[in-house]
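Engineer: At position 214 of the sequence shown the residue is numbered 214 (the UniProt record's numbering), and the sequence of numbers has no breaks.
What the hints contain is simulated information worked out from the structure, not anything from laboratory work. Heads up, the beta-carbon is just placed ideally off N, CA and C, and yes, glycines get one too. Do not take every clue at face value.
Listed next, the in silico BS3-like pairs over lysine-lysine satisfying Cα-Cα at most 30 Å (straight line) [as the list claims (entries may be wrong)]:
| id | residue 1 | residue 2 |
| --- | --- | --- |
| 1 | 551 | 497 |
| 2 | 476 | 506 |
| 3 | 476 | 551 |
| 4 | 309 | 497 |
So the derived label-pair ranges between C-beta atoms look like this [as the list claims (entries may be wrong)]:
| id | residue 1 | residue 2 | range |
| --- | --- | --- | --- |
| 5 | 156 | 178 | 36 to 42 Å |
| 6 | 412 | 548 | 17 to 23 Å |
| 7 | 178 | 130 | 20 to 26 Å |
| 8 | 463 | 589 | 39 to 45 Å |
| 9 | 490 | 398 | 47 to 53 Å |
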Amino acid sequence: MMHPDDAPRRSARCSAFRHHMPPCPLALPRETCYRAGMRIFTIRGALRRPTVPFLSFPACGIASVTLAAALLLAPFAVQAAPQTQNAPAVPAQSAQSAGIADPLPAAPASVVLYPRSARVTVEDRVSVEAAPGGGQAFRLALPAGADPATLSVTIPGNGVASISIREADATESPRLARLRAELAGLRREAASVAGSIAATEARMALWSKPPVTNAPTADLERLDAQMARRLAELNATLPDLRDKQAALAARIDRLEQELNDAGGATRTAPTATVLLASPARGPLAVSYAYTLRDAGWRPAYRLEAFPDKGSVGFTFEAEIRQGGSVDWNGARLSVATVEPGTALQPPPLRDWQLRPILGVTPMPMAMKAAPMAAEAVALRADAAPAAPAVDEKATYEVWDLGPRTLPAGGSARVALRGETWPAAFRHTVRPAADPRAFLTASVTLPEPRHYPTGEALYVADGASVGSAPFSLAEDKADIFFGSDPMVSATMRLDERKSGREGLVNKQQTRTWAWTIEVANRRATPVSVRVEDPQPQPRDTAISLSVESDPKPATENHHLVWTLDVAPRATATIRHTVRATAPADMRLDDGR
1 MMHPDDAPRR
11 SARCSAFRHH
21 MPPCPLALPR
31 ETCYRAGMRI
41 FTIRGALRRP
51 TVPFLSFPAC
61 GIASVTLAAA
71 LLLAPFAVQA
81 APQTQNAPAV
91 PAQSAQSAGI
101 ADPLPAAPAS
111 VVLYPRSARV
121 TVEDRVSVEA
131 APGGGQAFRL
141 ALPAGADPAT
151 LSVTIPGNGV
161 ASISIREADA
171 TESPRLARLR
181 AELAGLRREA
191 ASVAGSIAAT
201 EARMALWSKP
211 PVTNAPTADL
221 ERLDAQMARR
231 LAELNATLPD
241 LRDKQAALAA
251 RIDRLEQELN
261 DAGGATRTAP
271 TATVLLASPA
281 RGPLAVSYAY
291 TLRDAGWRPA
301 YRLEAFPDKG
311 SVGFTFEAEI
321 RQGGSVDWNG
331 ARLSVATVEP
341 GTALQPPPLR
351 DWQLRPILGV
361 TPMPMAMKAA
371 PMAAEAVALR
381 ADAAPAAPAV
391 DEKATYEVWD
401 LGPRTLPAGG
411 SARVALRGET
421 WPAAFRHTVR
431 PAADPRAFLT
441 ASVTLPEPRH
451 YPTGEALYVA
461 DGASVGSAPF
471 SLAEDKADIF
481 FGSDPMVSAT
491 MRLDERKSGR
501 EGLVNKQQTR
511 TWAWTIEVAN
521 RRATPVSVRV
531 EDPQPQPRDT
541 AISLSVESDP
551 KPATENHHLV
561 WTLDVAPRAT
571 ATIRHTVRAT
581 APADMRLDDG
591 R
């Protein structure tokens, strides 16, 4: 129990403490803030502020401590994570750790780009050093992404006794170092913004529920006004911070992708030690080559139709890329149309044996998806399924791009050829499948051309009509430029019937009759090519007859009508097909 004489001294000390109290973070009057939460007690006669708040009495000081902790600790908690992610990987082996500095990868003299790789050739002068096991050797540093198994070394006037490969720390180019530094700066900025967002949200939570009770009405009214102002300010700040956070995240993603494309994801690179076949003095001139897997090219085309001029504009470009860690400065580049080592020899031929099938019951012809099943009962090829269509690999072209500069992880688009092809334009329509008529350019070239498969942009009359794969391996081609809404064709089935005829050799009959109408709604005449499948019998007992007006031509098992349709007119085709077969044959008419 406190002595009665201590009461005046305690009152004086409490008054002095209230006088020197710091301002309330919730802008409450000093007396109210003191009454609300700052209990004063004595320890061994000294006046103390409590270090542990009384839970039974909500205090403004508790809120102050909470706010301070949120504002101070949140940024550090958010910033700690990126620093651990950016820690460099510890290499398994390093030339520096052995006291010998590894050489730097040399820039190439020439590069041949294939669709999925590149063959890099380097010409350099190297220093010769004593080999640990005797003899002389030199070291070559290959860039990250190089395949060490494909390394070949040529030494004029000398030879190679052996080549050993080890992994070492990848030497970063100035561009990679700049990208890493820029990425680290963006991550620090993103962490700072995340900390600001966390601090703002903590302050909003504090102002939404201030820990104040038993305060006078006037103080509560002042607190209410402060809450409205503060919350409005914080709510206005938060969207801008979140927009900035999203923008930084997008920039970080793009920079990480750029870094990976430049070989930054690989922290090690192969280093080759080449043992000389005979002693040498002084620096040696050497030439070596290796395959870079993360590089290549792809063709890109542009085909533009000019029906009024009777021509097609053709542009052939190469999209080249390299994902190594070394810049190609002034290297002589070329692109090849085929990967090396593909189709070195033709595939073997299987024996073709025709023989009867013993103990097999013929499959009934009930399945519409197998109209040729009866034919397979009599004859069959003993070989496995038919070989795929022949893929011609004999054509091999190399396009010389001349000296070019391509940075690590960079890409470029290089024009290879541009020319104008004469073309005859018409409309092609296949009414059995689609009523639309497609603008078609029939191109004939003076000599066969080989253009590998690539994406092409098709343009007609200055408007892009779409993209589709394009390739060419001969001197003529039909090129389609999309459908023309002003030209169409309809195919109407006028008659379809079946019956039987004959007294001795009874036959079953099938008859189809169509009317094909080709409409031209243009103000100029158009040439239209109408195509329909030619009926083909798959049994000698089946006979077919075709009657059409006008008569069609036959091309590759297609019936073809070529019509000149007048402006805003309609042309008509009468087409009839009649089939006969033995009465006991289960016939699938296929249509």
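Engineer: That 47 to 53 Å hint for residue 490 and residue 398 (C-beta), does it hold up?
Structural biologist: 50 Å, holds
Engineer: Going straight from one Cα to the other, do residue 476 and residue 551 come out at no more than 30 Å?
Structural biologist: 26 Å, holds
Engineer: Can you let me know if the beta-carbon spacing of residue 178 and residue 130 is within 20 to 26 Å?
Structural biologist: For residue 130 against residue 178, whose Cβ atoms are near 38 Å apart, the range 20 to 26 Å is violated.
Engineer: Range first: 17 to 23 Å. Now tell me if the beta carbons of residue 412 and residue 548 are that far apart.
Structural biologist: At roughly 55 Å between Cβ atoms, residue 548 and residue 412 fall outside 17 to 23 Å, so the hint is violated.
Engineer: Would the pair residue 476 and residue 506 pass a check requiring their Cα atoms to be no farther apart than 30 Å?
Structural biologist: 49 Å, violated
Engineer: Just to be careful, I want the Cα atoms of residue 551 and residue 497 compared with a cutoff of 30 Å; is the pair within it?
Structural biologist: 23 Å, holds
Engineer: For the hint 39 to 45 Å, verify it against the beta carbon of residue 463 and that of residue 589.
Structural biologist: At 43 Å between Cβs, range holds.
Engineer: For the pair supplied as a hint, residue 309 and residue 497, confirm whether the alpha-carbon distance does not exceed 30 Å.
Structural biologist: Answer violated: residue 309 to residue 497 is near 48 Å, above 30 Å.
Engineer: Could one say that the CB atoms of residue 156 and residue 178 fall in the range 36 to 42 Å?
Structural biologist: 38 Å, holds
Comparing the model with each numbered hint stated earlier shows that hints 2, 4, 6, 7 do not hold.
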